[in-house]
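J.: Sequence:
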Amino acid sequence: MTIRIGTRSSALAMWQAEQAQSLLRASGYQTEIVCIQSQGDLKLDQPIYAMGITGVFTKALDTALINDQIDVAVHSLKDVPTELPQGLKLTACLPRGEHEDIVVYKDLDFWYETHRTVATGSLRRQAFWHNRFPDDKIVDLRGNVQLRIKKLKENKDWDAAIFAKAGLARTGILGQLHDEHQLYYDDLNFMVSAPSQGIVGLVSREDLDLQHLSHVNSARAANIERTFLNHMQAGCTAPIGCFVDFYEDSILANAAVLSVDGSKLIQFDERFTTETDDEIVEKMLKDLRAQGADMVVAEMRNQMAELKS
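Numbers 1 to 309, taken from this note's numbering, label the letters of the sequence shown in order.
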């Protein structure tokens with residue numbers, strides 16, 4: 001059997017597809033990579049949250065799966081909606097890479113400056129940044145990671161941009177920044193990662209089972225984080241963070257819900273030992289809702305609707 005691996009054509013997407021291809025080949029499968037263009041790639045002049053589409057980076061690959069053009073779609077799992085189209089499933093998760101968000105900036109005095117201009121296309125990153133630095137200006141930034149770095153370098157009015165660390169590491173850009181000394185970067189430890197950030201997910205039709213290839217901890221983290229996001233009913237572009245980390249005898253779960261403007265922030269941080277995935281999610285939801293998360297989410301939905309209109 002030859003498994004046709006569907007992917008977007010960016011350097012990061014191809015890196016992910018090649019990782020999936022290596023895993024499949026090591027397990028005895030014949031493979032072929034098939035490039036599919038997504039709507040998120042085509043509309044670079046419009047913020048993701050304003051496009052009014054569920055899964056802007058995944059819809060084209062979902063369609064290719066349903067139409068039997070490919071057998072497996074490879075995604076950054078944080079971009080995959082928690083509810084997949086009928087007949088499709090998340091069939092495997094690769095080992096998680098870096099989950100952090102980072103800020104890439106031009107001037108070594110960046111942290112001492114005020115009223116800065118920071119670029120990001122993520123509502124979650126925007127909300128976290130404005131919660132910490134309300135006087136800074138946020139501008140939209142779209143495109144693959146190479147294009148976003150290029151835009152940051154060329155735009156004289158921009159001081160910095162925020163990225164997923166995994167994307168820059170996997171494309172080799174992080175090493176280049178370190179070597180070239182033209183741009184600088186720091187981890188943003190005050191941001192809670194997007195659910196499943198750093199995890200590469202394989203989506204397939206229901207008749208293809210690749211669970212035996214899945215990394216156990218990555219799959220479990222994805223299940224907890226995606227289940228939490230699904231119960232919050234806000235979508236994968238919403239300003240919601242969730243990250244689960246594993247230790248020898250425990251699991252550390254972090255979650256956060258923010259208003260779009262960052263003025264409201266509700267957080268959860270707790271260590272678990274013997275609880276099931278469902279019990280961990282239930283505890284997160286109960287604690288955050290007791291702090292008023294439902295009201296923040298309702299406000300968030302209204303703010304996101306206004307941004308789309």
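Keep in mind the hints are simulated off the structure, nothing from the lab. Keep in mind that a hint or two might mislead.
What the hints assert, rightly or not - DSSO-like mimics (lysine-lysine), calculated; alpha carbons at most 27 Å apart, straight line:
{"hint": "1", "residue 1": "Lys-89", "residue 2": "Lys-153"}
{"hint": "2", "residue 1": "Lys-264", "residue 2": "Lys-165"}
{"hint": "3", "residue 1": "Lys-89", "residue 2": "Lys-106"}
{"hint": "4", "residue 1": "Lys-137", "residue 2": "Lys-165"}
{"hint": "5", "residue 1": "Lys-165", "residue 2": "Lys-59"}
{"hint": "6", "residue 1": "Lys-156", "residue 2": "Lys-106"}
{"hint": "7", "residue 1": "Lys-150", "residue 2": "Lys-137"}
{"hint": "8", "residue 1": "Lys-151", "residue 2": "Lys-106"}
{"hint": "9", "residue 1": "Lys-106", "residue 2": "Lys-153"}
{"hint": "10", "residue 1": "Lys-137", "residue 2": "Lys-151"}
{"hint": "11", "residue 1": "Lys-283", "residue 2": "Lys-264"}
{"hint": "12", "residue 1": "Lys-137", "residue 2": "Lys-264"}
{"hint": "13", "residue 1": "Lys-137", "residue 2": "Lys-89"}
{"hint": "14", "residue 1": "Lys-137", "residue 2": "Lys-153"}
{"hint": "15", "residue 1": "Lys-286", "residue 2": "Lys-264"}
{"hint": "16", "residue 1": "Lys-165", "residue 2": "Lys-150"}
{"hint": "17", "residue 1": "Lys-106", "residue 2": "Lys-59"}
{"hint": "18", "residue 1": "Lys-153", "residue 2": "Lys-165"}
{"hint": "19", "residue 1": "Lys-89", "residue 2": "Lys-59"}
{"hint": "20", "residue 1": "Lys-137", "residue 2": "Lys-156"}
Stated by the list, open to error - Derived DEER-like restraints, expressed as beta-carbon distance ranges:
{"hint": "21", "residue 1": "Gln-69", "residue 2": "Arg-271", "range": "41 to 49 Å"}
{"hint": "22", "residue 1": "Gly-87", "residue 2": "Glu-154", "range": "27 to 35 Å"}
{"hint": "23", "residue 1": "Thr-2", "residue 2": "Asn-189", "range": "42 to 50 Å"}
{"hint": "24", "residue 1": "Met-295", "residue 2": "Thr-2", "range": "48 to 56 Å"}
{"hint": "25", "residue 1": "Lys-286", "residue 2": "Phe-246", "range": "35 to 43 Å"}
{"hint": "26", "residue 1": "Glu-180", "residue 2": "Gly-87", "range": "24 to 32 Å"}
{"hint": "27", "residue 1": "Ser-22", "residue 2": "Phe-133", "range": "36 to 44 Å"}
{"hint": "28", "residue 1": "Leu-84", "residue 2": "Ala-305", "range": "18 to 26 Å"}
{"hint": "29", "residue 1": "Lys-286", "residue 2": "Glu-154", "range": "45 to 53 Å"}
Please read all numbers here as calculations on a predicted model, not as lab measurements. For every residue, glycine included, the Cβ atom is placed at its ideal position computed from N, Cα and C.
J.: All hints are to be evaluated individually against the structure, with a verdict given for each.
T.: Now the hints, each set against the structure:
Restraint check: the Cα-Cα separation between Lys-89 and Lys-153 comes to about 40 Å, which exceeds 27 Å; the hinted pair is violated. Restraint check for Lys-264 and Lys-165: satisfied, since their Cα atoms lie roughly 25 Å apart, inside the 27 Å limit. Distance hint between Lys-89 and Lys-106 is unfulfilled; the C-alpha atoms sit about 42 Å from each other, more than 27 Å. For the suggested pair Lys-137 and Lys-165, the alpha carbons sit about 22 Å apart, so the restraint of at most 27 Å is met.
Of the supplied pair hints, the one linking Lys-165 and Lys-59 holds, its CA atoms being roughly 24 Å apart against a limit of 27 Å. Note on Lys-156 and Lys-106: the hinted pairing holds, with a Cα-Cα distance of about 10 Å set against a maximum of 27 Å. Simply put, Lys-150 and Lys-137 have alpha-carbon atoms about 20 Å apart, close enough for the 27 Å limit, and the pair holds. A C-alpha spacing of about 12 Å is found between Lys-151 and Lys-106, which places the hinted pair at or below 27 Å, so the restraint holds.
Distance check on the hinted pair: Lys-106 and Lys-153 sit about 8 Å apart at the alpha-carbon level, within 27 Å; holds. Distance restraint check for Lys-137 and Lys-151: the Cα-Cα separation of roughly 16 Å lies within the 27 Å cut-off, and the hinted pair is therefore satisfied. Distance hint between Lys-283 and Lys-264 is fulfilled; the C-alpha atoms sit about 21 Å from each other, no more than 27 Å. The hinted pair formed by Lys-137 and Lys-264 meets the criterion: a straight-line CA distance of about 18 Å does not exceed 27 Å.
Straight-line distance between C-alpha atoms of Lys-137 and Lys-89 comes to about 39 Å, which puts the hinted pair past the 27 Å bound. Between Lys-137 and Lys-153 the CA atoms are separated by roughly 17 Å; this keeps the pair inside 27 Å, and the hint holds. For the hint pairing Lys-286 with Lys-264, the CA-to-CA distance comes to about 18 Å; that is within 27 Å, so the pair holds. Straight-line distance between C-alpha atoms of Lys-165 and Lys-150 comes to about 17 Å, which keeps the hinted pair within the 27 Å bound.
Between Lys-106 and Lys-59 the CA atoms are separated by roughly 35 Å; this puts the pair beyond 27 Å, and the hint is violated. The suggested pairing of Lys-153 with Lys-165 holds, with an alpha-carbon distance near 18 Å, which does not exceed 27 Å. Note on Lys-89 and Lys-59: the hinted pairing holds, with a Cα-Cα distance of about 14 Å set against a maximum of 27 Å. Between Lys-137 and Lys-156 the CA atoms are separated by roughly 14 Å; this keeps the pair inside 27 Å, and the hint holds.
The hint said 41 to 49 Å for the Cβ distance between Gln-69 and Arg-271, and at roughly 45 Å that hint holds. Hint check: Gly-87 to Glu-154, Cβ distance near 44 Å, so the stated range 27 to 35 Å is violated. A C-beta distance of roughly 44 Å is found between Thr-2 and Asn-189, which places it inside the suggested range of 42 to 50 Å. One distance hint, 48 to 56 Å for the beta-carbon pair Met-295 and Thr-2, holds here, with the actual separation near 51 Å.
Checked against the hint of 35 to 43 Å, the C-beta distance between Lys-286 and Phe-246 comes to roughly 22 Å, which is inconsistent with it. Taking 24 to 32 Å as the suggested C-beta distance range, the pair Glu-180 and Gly-87 does not conform, at roughly 47 Å. The hint said 36 to 44 Å for the Cβ distance between Ser-22 and Phe-133, and at roughly 41 Å that hint holds. For the pair Leu-84 and Ala-305, the supplied restraint of 18 to 26 Å holds, since their beta-carbon distance comes to about 24 Å.
In this structure the supplied range 45 to 53 Å holds for Lys-286 paired with Glu-154, their Cβ-Cβ distance being about 48 Å.
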